[in-house]
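Engineer: Start counting the sequence shown at 0; every next residue gets the next number (numbering that gives the first Met the number 0).
The set of hints was computed from the structure by calculation and includes no laboratory data. Be aware that one or more of the hints could be misleading.
Across the chosen pairs, the derived CB separations fall in these ranges [unchecked claim]: (1) D94 to L26: 24 to 30 angstroms; (2) C92 to P167: 32 to 38 angstroms; (3) E39 to I95: 30 to 36 angstroms; (4) P167 to R107: 16 to 22 angstroms; (5) M73 to V183: 33 to 39 angstroms; (6) T160 to Y5: 30 to 36 angstroms; (7) S184 to Y5: 31 to 37 angstroms; (8) E42 to T102: 27 to 33 angstroms; (9) R144 to G43: 24 to 30 angstroms; (10) G89 to Q14: 29 to 35 angstroms; (11) G43 to S184: 38 to 44 angstroms; (12) D146 to K181: 32 to 38 angstroms.
Cut-off 27 angstroms, straight-line C-alpha distance, at most; resulting in silico cross-link-like pairs (BS3-like, lysine-lysine) [stated by the list, open to error]: (13) K126 to K162; (14) K181 to K126; (15) K162 to K181.
Ideal Cβ positions, reconstructed from N, Cα and C, are used throughout, including at glycine.
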Amino acid sequence: MSTQPYIGFRQLFHQDTSTFTYLLWDLDTREGVIIDPVREQFEGDLCLVGELGVRMVYALDTHVHADHVTSLGMLREEMRLQTAVGEPSGVPCADIMLNDGYTLRFGRHTLTALATPGHTDACTSFKVENMVFTGDTLLIRGCGRTDFQQGDPEMLFRSITQKIYTLPDETLVYPGHDYNGKSVST
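Based on the sequences and whatever the hints tell you, model everything.
Structural biologist: Structure follows, in structure tokens:
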């Protein structure tokens, strides 16, 4: 059963990096977003989007890090969509720099950026309907590392307890990685 009427959802998994990519789209307008696209899956993502008849309007990264080799730039060139990352990331090639509360529309759906720093300064989670896409801020039974590249354990704790844990109980949490055979939690 769908978590929300009129929203399409695909969770894709890149085995080599244990990274999840998410594709969401409005079932009526066919406008969509892709979250954390992996560079090595670029061709497969293009094929899937074409098969589904989705017109991508945004490609988003939850954070910029060594294990997130993104295809945002490639998708922007190929699909003429807009790219977005958290503002503190300093990525000059992104079209949109997201700060806390920034909203993006695709079809009748609104995606809200939640600043969730700690794993990196620019970590951003994305809330859509009853789903939140947490990147490496919150994994299932764990969280992203804080011992390198802008990590801050106190900031990560605040992000999890003050942003993610305050969402409604029925919110489905979709992480950026899976190392234990888990793909969603509440």
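Engineer: Taking the earlier hints as the rules, which of them does this structure contradict?
Structural biologist: 3, 5, 7, 11, 12
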